[in-house]
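Q: Taking my numbering, I'd label the letters of the sequence shown as residues 3 to 386.
These are computed hints drawn from the structure, not numbers from a lab. Just so it is clear, the structure is predicted and the values come from calculations on it, not from any experiment. All C-beta atoms, glycine included, are put in the ideal place defined by N, C-alpha and C. You may find that some hints are simply not true.
[What the hints assert, rightly or not] Ranges between beta-carbon positions, derived for each pair:
1. Leu140 / Ala82: 41 to 47 Å
2. Lys181 / Ile78: 40 to 46 Å
3. Leu140 / Ser92: 51 to 57 Å
[To be verified] With a straight-line cut-off of 16 Å between C-alpha atoms, the simulated EDC-like cross-links for lysine to aspartate or glutamate are:
4. Lys347 / Asp260
5. Lys212 / Glu332
6. Lys148 / Glu96
7. Lys347 / Glu332
8. Lys127 / Asp348
9. Lys193 / Asp260
10. Lys190 / Asp260
11. Lys347 / Glu80
12. Lys269 / Glu349
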Amino acid sequence: MMVGSMTKNKGVFPPHISSSIISVLSKDISRQESNLQLPLQRRVVLPLRWIYHVPWIYTPVRTVLAIWHQLTKTEIPELAKCSVLMRERSRVEETIHCMQRAGAGNLQVISDFDMTLTRFAHNSKRVPTTHNILDNRLLINEDCTKKMRELLNTYYPIEIDASRSAEEKLPLMVEWWTKVHELLIQQKIRKDMLARAVKESSAMLREGYKVFFDHLAEHQVPLLILSAGVGDVLEEVIRQNHVFHPNVHIISNYMDFDHTGVLQAFKGQLIHTFNKREGALSHAAGLRELQGRPNVLLLGDSLGDLTMADGVSEPQNVLTVGFLNDQVEERKESYINSFDIVLVKDETMDVPNAILRYITSSRDNKKKLCFMCTACYLCVRYSH
Numbered sequence: 003m004m005v006g007s008m009t010k011n012k013g014v015f016p017p018h019i020s021s022s023i024i025s026v027l028s029k030d031i032s033r034q035e036s037n038l039q040l041p042l043q044r045r046v047v048l049p050l051r052w053i054y055h056v057p058w059i060y061t062p063v064r065t066v067l068a069i070w071h072q073l074t075k076t077e078i079p080e081l082a083k084c085s086v087l088m089r090e091r092s093r094v095e096e097t098i099h100c101m102q103r104a105g106a107g108n109l110q111v112i113s114d115f116d117m118t119l120t121r122f123a124h125n126s127k128r129v130p131t132t133h134n135i136l137d138n139r140l141l142i143n144e145d146c147t148k149k150m151r152e153l154l155n156t157y158y159p160i161e162i163d164a165s166r167s168a169e170e171k172l173p174l175m176v177e178w179w180t181k182v183h184e185l186l187i188q189q190k191i192r193k194d195m196l197a198r199a200v201k202e203s204s205a206m207l208r209e210g211y212k213v214f215f216d217h218l219a220e221h222q223v224p225l226l227i228l229s230a231g232v233g234d235v236l237e238e239v240i241r242q243n244h245v246f247h248p249n250v251h252i253i254s255n256y257m258d259f260d261h262t263g264v265l266q267a268f269k270g271q272l273i274h275t276f277n278k279r280e281g282a283l284s285h286a287a288g289l290r291e292l293q294g295r296p297n298v299l300l301l302g303d304s305l306g307d308l309t310m311a312d313g314v315s316e317p318q319n320v321l322t323v324g325f326l327n328d329q330v331e332e333r334k335e336s337y338i339n340s341f342d343i344v345l346v347k348d349e350t351m352d353v354p355n356a357i358l359r360y361i362t363s364s365r366d367n368k369k370k371l372c373f374m375c376t377a378c379y380l381c382v383r384y385s386h
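Using the sequences and the hints given, assemble the complete structure.
A: Written as structure tokens, this is what we have:
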């Protein structure tokens with residue numbers, strides 16, 4: 003409702019003074035915001051409460067204040083980054099508020115690994131996935147490298163093709179992963195060479211990864227990594243970055259070595275981009291550490307990652323964050339329609355870290371900080 007269109011006898015102020023009142027209030031609130039920068043002893047409570055003594059301007063001024071407060075809120079300023087896209091910002095904010103009120107004890111984080119926790123590119127050069135890290139002369143020969151690259155060039159465009167459905171892609175992904183694993187088994191890879199291959203690679207976790215892993219460990223929030231990559235390599239990447247904390251759980255494709263330490267097979271059911279739901283249902287449900295945590299922060303870079311939370315028992319709030327790394331224009335619409343938050347070509351963990359920082363913050367501290375900001379009634383509303 004437009005302020006200027008309201009009439010006096012309906013409890014609103016006349017249009018000819020609306021702009022001047024809004025101007026005064028805007029300056030008043032700006033002074034209140036500046037007031038926050040002062041030490042507590044020097045803060046001055048500005049006279050916003052005068053509006054409550056003039057009934058015919060009470061409702062519209064309160065509305066103006068509400069809108070202004072919403073526009074100037076900076077609880078999670080990272081959500082204002084130019085790389086952030088949201089279809090329903092209000093729903094995202096409400097979900098985050100609900101998760102914050104529930105606290106860290108009700109939270110779990112479920113994440114993909116390759117191109118989600120790891121960077122997609124650095125200095126205009128692609129960062130290797132866990133499968134690509136195995137492309138090392140210590141582990142495989144040149145012929146194997148050539149064949150793996152041919153498979154990548156054939157199947158990766160299919161994986162990210164926005165015009166194909168997940169049902170169309172699924173059998174082709176199984177075909178791709180199966181062929182790659184067969185090639186790796188033929189190479190008789192030695193277990194004791196994996197750590198060196200990771201160290202010599204250009205594998206990189208996203209900027210801010212240490213804050214992400216350490217913060218979750220500090221607040222005892224479990225992190226479930228559900229990856230279609232190679233679990234043994236994935237673990238080594240995390241270990242060499244010194245963030246393999248006890249709260250980290252991994253479901254992935256693990257190598258099966260014989261008694262001499264030579265690769266002879268891959269364990270269990272194949273996990274690929276579009277069957278993570280089955281992996282979540284069969285493995286995640288059995289992890290005791292994840293029980294009783296109905297709130298989920300889900301991170302992924304593929305639409306197939308959206309099913310990773312399907313193993314959560316009785317979920318209450320699920321917030322999905324999608325990293326859109328490649329073919330942005332072709333895939334932007336489908337990502338915005340599928341993920342709650344989309345991060346476009348963002349090689350950092352800034353947004354997930356900011357959300358986690360807010361969710362795990364003390365509710366008592368939130369209340370104290372909120373009441374110090376302005377006399378606006380919304381501060382009281384959002385402190386509960």
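Q: Straight-line Cα separation of Lys269 and Glu349 no greater than 16 Å?
A: Distance ~32 Å between Lys269 and Glu349 Cα, so the pair is violated.
Q: Does the alpha-carbon distance linking Lys127 and Asp348 stay inside the 16 Å limit?
A: holds (15 Å)
Q: Between Lys181 and Ile78, does the beta-carbon spacing fit 40 to 46 Å?
A: holds (43 Å)
Q: Please work out if Lys190 and Asp260 have their alpha carbons no farther apart than 16 Å.
A: holds (10 Å)
Q: Can the restraint linking Lys347 and Glu332 be considered satisfied, given a maximum Cα separation of 16 Å?
A: Holds, at roughly 14 Å.
Q: For the pair supplied as a hint, Lys212 and Glu332, confirm whether the alpha-carbon distance does not exceed 16 Å.
A: violated (32 Å)
Q: Are the Cα atoms of Lys193 and Asp260 separated by 16 Å or less?
A: Satisfied, since the Cα-Cα distance of roughly 10 Å is no more than 16 Å.
Q: Is the Cα-Cα distance between Lys347 and Glu80 16 Å or less?
A: holds (15 Å)
Q: Given the range 41 to 47 Å, decide if the beta-carbon distance of Leu140 to Ala82 lies inside it.
A: holds (46 Å)
Q: Do Leu140 and Ser92 keep their Cβ atoms within the hinted range of 51 to 57 Å?
A: Taking Cβ atoms as reference, Leu140 and Ser92 lie about 52 Å apart, which means the hint holds.
Q: Is the Cα-Cα distance between Lys148 and Glu96 16 Å or less?
A: violated (49 Å)
Q: Against the 16 Å threshold, does the CA-CA distance of Lys347 and Asp260 hold or violate the hint?
A: Status violated; Cα separation ~41 Å.
The earlier numbered hints that this structure contradicts are 4, 5, 6 and 12.
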